[in-house]
Amino acid sequence: MEQQLQGRVWVVGDSVTTDAMYPGFAMKLPPEQAAKHVFYELRPGWTEQVAPGEIVVAGRNFGLGSSRPVATLFRYLGVRALVAEEFNSLFLRNCINFGLPALTAPGVTGAFTDGDTARLHLTEGWCENTRTGVRLAAEPLPAFVLDILEAGGLLPKLAKEGYLPAAEGVR
Amino acid sequence: MGMTMIEKILARSAGLAEVHTGQTVVCDVDMTVLIDLQFATGWIQPLRINDPDKVAVIMDHAVPAPTVQDAEGGPRARTFARDFGISRFYDVGRHGICHQVIAENGLARPGEILACTDSHTCAGGAYNTAARGLGPAEVFSILCTGKTWFTVAPTIRYELTGHAPPFVSGKDIFLYIAGTYGDATNHNLEYGGPGLATVAMHDRRTIATQGAEVSADFSTFGVDAVLREWLAEHTDRPYTPADADPDADYAAVREIDLSALEPYVARPGRVSHNSFPVSELEHRAVDQCFIGSCANGQLEDLRIAADIVRGHQVAPGVRLLITPASQRVYRDALRLGYLEALADAGAVVTNSTCGACFGYHMGVVGAGEVCLTASTRNFKGRMGSPDAEIYLASPATVAASALAGHIVDPRTAAGSERV
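First to last, the protein sequences are chains A and B. Read left to right, the first sequence gives residues 1 to 171 (my numbering). Read left to right, the second sequence gives residues 172 to 590 (my numbering).
Treat the hints as calculated values from the structure; they're not laboratory data. There's no promise every hint is true.
Below are the BS3-like pairs computed for lysine-lysine, each with C-alpha atoms no more than 30 Å apart in a straight line [stated by the list, open to error]: (1) LYS318/B x LYS160/A; (2) LYS318/B x LYS225/B; (3) LYS160/A x LYS225/B.
To list a few chain A residues with every Cβ distance to chain B over 10 Å, as calculated [stated by the list, open to error]: (4) LEU5; (5) GLY7; (6) ARG8; (7) LYS28; (8) LYS36; (9) ALA51; (10) GLY78; (11) GLY110; (12) ALA111; (13) GLY115; (14) THR117; (15) TRP126; (16) VAL134; (17) PRO140; (18) PRO142; (19) LYS157.
In this text, all values refer to a predicted model and were calculated from it rather than measured experimentally. From the three backbone atoms N, C-alpha and C, an ideal C-beta is built for every residue, glycine too.
Between the sequences and the hints, there should be enough to build the whole structure, so can you do that?
Here it is as structure tokens:
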């Protein structure tokens, strides 16, 4: 996979919970429909505005809460990567394990506003605002994390290793 | 340099003499728990798994099925358990919230690693287990390979002293800690100290469970006489405790004097830096009161609620919902008369499930409503409408408030004479 990514950003605040991204009522829906309710209350209508290839920038403690696989919903929406000041560790693992790159970059919410374009590098560990030229240091992703992302997440990796059937459902 | 409890468990499971903060290690997982939600969406029946004796399947979040999607997960779970010979299958009727069922069946054991998708898996830390929520894809991976990785996070130790006064439960201890110290993102929590001996197992479970609300990785208690006694009744296999070394390295050590605590309530929205003594809260009328969840649907929680409401009536216009944490808790509470006392007072007793706690079924709240809950989270939209307000408190505070119709201090409210 490309280790350097670029996309238009959407900026959200601190402690955005999984309840705000994958609310209880949406759990009753198939994932492609549940995806329409990401940020349903925080940013109503956002899922109609976000376009494939875009990046979500968030504040501290991003993804506090439950284990709901929010990353699958972001992937349905075409979100290419997440960058946050700090991630909740369960949420971070969930993102990586479902094949969504997630980069920790302290200071990122102050460096971007909605509509800016971010250029980031997963293994060199940086994140740049192409409008302002500001470049922030990020935690580089280790090789084993990159392997999971390369495979498209753990499920395709398990299918490749013969643990799961190579079904169409494995995304 | 010495090791913390979590470092010891991770080192042992990784086959290393020692591990320290920042190190990433690959560990053998001792028990992997699958829950009903995993079978309802995104389930893929594996071709092979690592070890059926290290797997349990527990039906909990959506029981009985409130949607066709959930109903269709049931047969997949049964097929999986049958095809792979999973003997630890807790199907509807033998079910319960997974963290309660894990406890009842001794699946979380000292010094071991337990994995489950659910974020409150840290509940197992009450039993000196390195237990945490890992998400569905990772649990699939552990099911298949038996292993996963952890990066050793720094540990914060809570040194407990003194003895909590009457009406101050594990929930209040947690709310005080969360209110005072806030988030522990990318940190482990460890509880010990001379006061630990006065904290009963059910209260430890509440505290360990709620580590998720302050965003901690693991949340672990030491092995002492109280836990040993509990384990004697719940496991017949030998275990190896993971005690913290005296020279272990901590990010912080914080002393909590339990005797100085009182009942607390968290205001809506978040748990961190958001709880206050109930006695200081402004007058707040309630529409719904809920006692349940992995944190507070335990037998002792139901006893406290039953003792408070016995002989009284829930205030007009207020709903009191009681959801036992497991079928076993339900049956025990039935035999002990707790459910009768609760129902006689006007409470609705539901079957065991995660239910209202995660805003899915059996007690969601509408716009403009105020819910006082002894469950896990007070996040916006958590229990239904994002325009409802969720306050978080102990079962005693919730039960007493249901009688009063507004949030009250259980120490001075109606019903307090019997607890």
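Hints and how they fare:
1. LYS318/B x LYS160/A: OK: LYS318/B and LYS160/A at ~17 Å, within 30 Å.
2. LYS318/B x LYS225/B: Status holds; Cα separation ~11 Å.
3. LYS160/A x LYS225/B: At roughly 23 Å apart (the allowed maximum being 30 Å), LYS225/B and LYS160/A satisfy the hint.
4. LEU5: It holds; LEU5/A is separated from chain B by about 21 Å at its closest Cβ, greater than 10 Å.
5. GLY7: GLY7/A is indeed farther than 10 Å from all Cβ atoms of chain B, at 23 Å.
6. ARG8: Non-interface label on ARG8/A holds, nearest chain B Cβ at 27 Å vs cutoff 10 Å.
7. LYS28: Non-interface label on LYS28/A violated, nearest chain B Cβ at 5 Å vs cutoff 10 Å.
8. LYS36: LYS36/A clear of chain B: closest Cβ-Cβ about 15 Å, beyond 10 Å.
9. ALA51: Since the minimum Cβ distance to chain B is about 25 Å, ALA51/A lies beyond 10 Å and the statement holds.
10. GLY78: GLY78/A is indeed farther than 10 Å from all Cβ atoms of chain B, at 19 Å.
11. GLY110: Holds, because the least Cβ-Cβ distance between GLY110/A and chain B comes to about 19 Å, which exceeds 10 Å.
12. ALA111: holds (20 Å)
13. GLY115: holds (26 Å)
14. THR117: Answer for THR117/A: holds, closest chain B Cβ roughly 28 Å.
15. TRP126: At about 21 Å from chain B, TRP126/A clears the 10 Å cut-off, so the statement holds.
16. VAL134: holds (25 Å)
17. PRO140: The assertion about PRO140/A holds, with a minimum of 13 Å to chain B.
18. PRO142: The assertion about PRO142/A is violated, with a minimum of 7 Å to chain B.
19. LYS157: violated (8 Å)
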